[in-house]
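Residue numbers (my numbering), protein chains in the order written: chain A, 187 to 506; chain B, -6 to 281; chain C, 16 to 332.
Derived from the structure by calculation, the hints contain no laboratory data.
For every residue, glycine included, the Cβ atom is placed at its ideal position computed from N, Cα and C.
Worth double-checking, as some hints may not be accurate.
Stated by the list, open to error - Computed cross-link-like contacts, DSS-like style, restricted to lysine-lysine with a CA-CA straight-line distance of at most 27 Å:
| no. | chain 1 | residue 1 | chain 2 | residue 2 |
| --- | --- | --- | --- | --- |
| 1 | C | K67 | C | K34 |
| 2 | C | K34 | A | K457 |
| 3 | C | K47 | A | K441 |
| 4 | A | K375 | A | K441 |
| 5 | C | K118 | A | K457 |
| 6 | A | K291 | A | K316 |
| 7 | A | K445 | C | K142 |
| 8 | A | K433 | A | K445 |
| 9 | C | K79 | B | K180 |
| 10 | A | K445 | C | K47 |
To be verified - With the C-beta cut set under 10 Å, the calculated list includes, among others, these residues of chain A facing chain C:
| no. | residue |
| --- | --- |
| 11 | A374 |
| 12 | Q401 |
| 13 | S438 |
| 14 | R482 |
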Amino acid sequence: MSLRVEDLTVYYQTLRGDVRALESTTFSIADGEIMGLAGESGCGKTTLANGLILLVPPMRHVGGRVLLDDRELPIADVEAMNRFRFKEISVIPQYAMNAMNPTRKVGRMAAELLRSRRIDPKRTLPELEKRLDLVELNRSVLKMYPIEMSGGMKQRMVMVLSTLMDPSLLLADEITSALDVSTQKAVAKMLVDFRDREIVKSIIVITHDMSILYQIADSILIMYAGQLAEKGPTETIIHSPRHPYTKLLITSLPKVGVKHDATRLTGIPGKPPLLLDPPEGCRFRERCPAAFERCRDVPPFVEIEPGHFVACWRETESNA
Amino acid sequence: MAEAKDKKKRNEFLYFAFRNNKLKVGISIVLFFLVLAAVGALFTKHDPEAFVGPLSDPPSSEFWFGTTVFGQDVFAQFVAGVRATFIVGALGGGLATLIGMLVGFVAGYRGGMVDESLNVLTNIVLVIPTFALLLIISAYFEVRGLILESVFIGLTSWPWAARAIRSQTLSLRSREFVDLARMSGMKPLRIIFTEIAPNMMSYLVMAFILQFGGAILIAATLDFIGLGPTTGFSLGIMMQYAVLWGALPLGTWWWFVPPGAAIAAIVGALYFMNVGLDELFNPKLRET
Amino acid sequence: MLRLENASKIYRVGTFGGKQLRAVSDVSFTVKDGEVVSLIGESGSGKSTIGKMILRLIGITGGKITFDDRDIATLRGGALKAYYRNVQGVFQDPFSSYNPIFKADRVFEIVRDHFFPGVEDREWDEKVRRSLESVGLNPRHVLDKYPHQLSGGQLQRFLIARALLLDIRFLVADEIISMLDASTRIDVLNLLADLKERGLAVLFITHDLSLGYYISEDAAILYRGCVVEFGRTEKIYDHPAHPYTRMLMASVPRLDQKWEDVEIELRAKQEDLSTGCVYYERCCDPHRSERCRERRPRLVEIEPGHSVACDRYSTDG
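Just chain A, same shape as in the assembly (with noise of 0.2 Å):
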């Protein structure tokens, strides 16, 4: 599968006007690969997710297009998308796992979910089995309430669930962030597996933690503010980035082994502007201690080297 996203622009609409909470996004993900997506609380990486799945009001598709394995997805029209969602394309939703109908046996709720999808329950159940073998949830969860489940189980249900179509992109959102650590590991695992024995082509895994990332993702893609500031390899973002934003992110992240003594690491000054009306070109400049007037202009997602793409014109113009 190959997903293409070409200058996506989504805005929420308020009464106060456009909150312009996607920017001119254009990137793709290759056969298979596991990408994350990161970045700050209101940097546009939910809305990204919701865009490609699920664009409903407030949000307002205003350009752009996403292409899946080259047809283009009717993003904008929640009814053609029926035919994609959930078979193609397919999410965990943030805070899937506490979304649970709590007074529905799981198995239950399965039902429901697979017919309001048109899909047999009875003809997929030997495969729904299979998956939670897989999962290793014993089959009895079907007859259990979520209520007597743990985090890690309900959350690794809502996995199988949102996969048993064997869609081609799955958008993981925050998956991870409410369990502990041990969980977090096992469920972060099951993912890639997922992705190994192709129950799923290629998954974009949206965080804020790029540390679980540095684990699972072959690729991350970093965000600010609605606009694409870096994407490429795992090991190249966090360990030789190019773009200002994501220095600086890396180096005010606490590793093992780094002590408040020996090196003491910075935060970024300043706050992520307010997107109802945010400032022309680039929207790091404010904060950004390597901005020029050439920032006044929008920076293009340029490729520096094979997979690297920077949106920063300090890195782009020296390249040029």
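Position chains B and C against the provided structure of chain A, taking the given hints into account.
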């Protein structure tokens, strides 16, 4: 800058308040009856109890709501009745809300044994057969007034409010700002009144409105079966007399339809208002 | 300065309080002046409960907690207030720590009403200004605002400023940065480190090992209410001894190392933990024996500044 934002918030609140149809309709109806209760007496020429007109006369320009089987002015009785109804609603509903607040706040804040015992108390009061109790009381007090009825209603209908307030208090109590207040040495009573209650203002207002409406209904029922005040008029008493004195077979509809319609309108409007207020206080439910 | 001796917290659950839930069992450790101790554990480990017990928000069921050698459970009225002049806490959710209907400044006002009643306006304003500046906040940007108008990082620092107004000696920081954005986290963490340099002792409660490593001298690893390992942070991280600590180190996602392949059984059963090692069910260590089920291992010092509660290291035969 902060001032402008505050003003904006208030204006936003009022903007939605004026746009909310349920609130507008509800308040208008209640206000109408309230004004009627307050100043309606100015428009009545006759004393409600006086025998002033022809017997069982239909509405006319002299007697707007006609006369009773005894020749009393129905409109005069109606006005007196609406006033009594509001008094019972305010006193009875108010008392119930107050007791409910007392029990609910203490049970929700303290927890533990205090909570357990207050819950037992609440359950007992909830389960007491109020009807039987009333019969006993009415046998004891041969002369009963509006105040006694209000107090009775207040003392028996608070459990609902107590339960609701307790659960809200429980949830607010677990918020960290209560812990911070405790760590500043604030006394529990002060925490309840300055930190928790103001946060529940909308809830308390709605609870009072519901108790108000509920009290009116209970009073109307009691009056109708003769367990209400022994003197004076209320809408329920009017309906009781109407039925006792054969208004139904005689077809003197002007005697019982206005009071019945008024009760339905007032209580209905109160509930309507409440739904509107709920939408107003809870932005997620707003009609936009 | 602050010492926990066999502190326990037992809740009664079930109908008529028949069963017991041991949130904290027999926990002992010390925090000295100007020292940061990390309390590291996952959910259900009892770390927040310990924090609340130290802050006198929850009662203690067994053992005792002393501050400057005074049992804090005995403090009442004026003495309790004096305790709060020395010990304060900051919690995880900055937005839940403020009453949303009041301005954020109100937390300062409350402190003023209860601890500085006679102070003049001008003197108070000066005090507030100095406190805000010492946590890196600009008074003009943060005063006279509602909580929703400030960011999470600002709110947390505001709360630290509040604690500093009282000139405290000990701060309980319960997951104070887990809800903040990555770029603000380090600023608040650095602030704690700076305050430590100026003599403030901190109990840093967290589930994130890398944060604990960054600022604390000592660390206590908690599992299901018990301390399983305690000592100098570097020693614990360098060569973790307890199987649970080793599992934690192996599972935490790192930025410099990929995971080793360790598969752990994840079913936690509800059981009475009054005897035996709390980690018995999940322990895959070959040394595990019936003795581990019967006897709760005590903390034993295996090298200076490093103790472990595991039968492997017990000194008796």
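The hints, checked one at a time:
1. K67/C - K34/C: Status holds; Cα separation ~23 Å.
2. K34/C - K457/A: 50 Å, violated
3. K47/C - K441/A: Measuring from Cα to Cα gives roughly 25 Å; hence the hint holds.
4. K375/A - K441/A: Status holds; Cα separation ~21 Å.
5. K118/C - K457/A: 21 Å, holds
6. K291/A - K316/A: With a Cα-Cα distance of about 19 Å, the restraint between K291/A and K316/A holds, given a limit of 27 Å.
7. K445/A - K142/C: 32 Å, violated
8. K433/A - K445/A: 19 Å, holds
9. K79/C - K180/B: 25 Å, holds
10. K445/A - K47/C: Holds, at about 19 Å.
11. A374: Cβ of A374/A sits 7 Å from chain C, so the hint holds.
12. Q401: 5 Å, holds
13. S438: 4 Å, holds
14. R482: 23 Å, violated
In this structure, the earlier hints numbered 2, 7 and 14 are contradicted, and the remaining ones agree with it.
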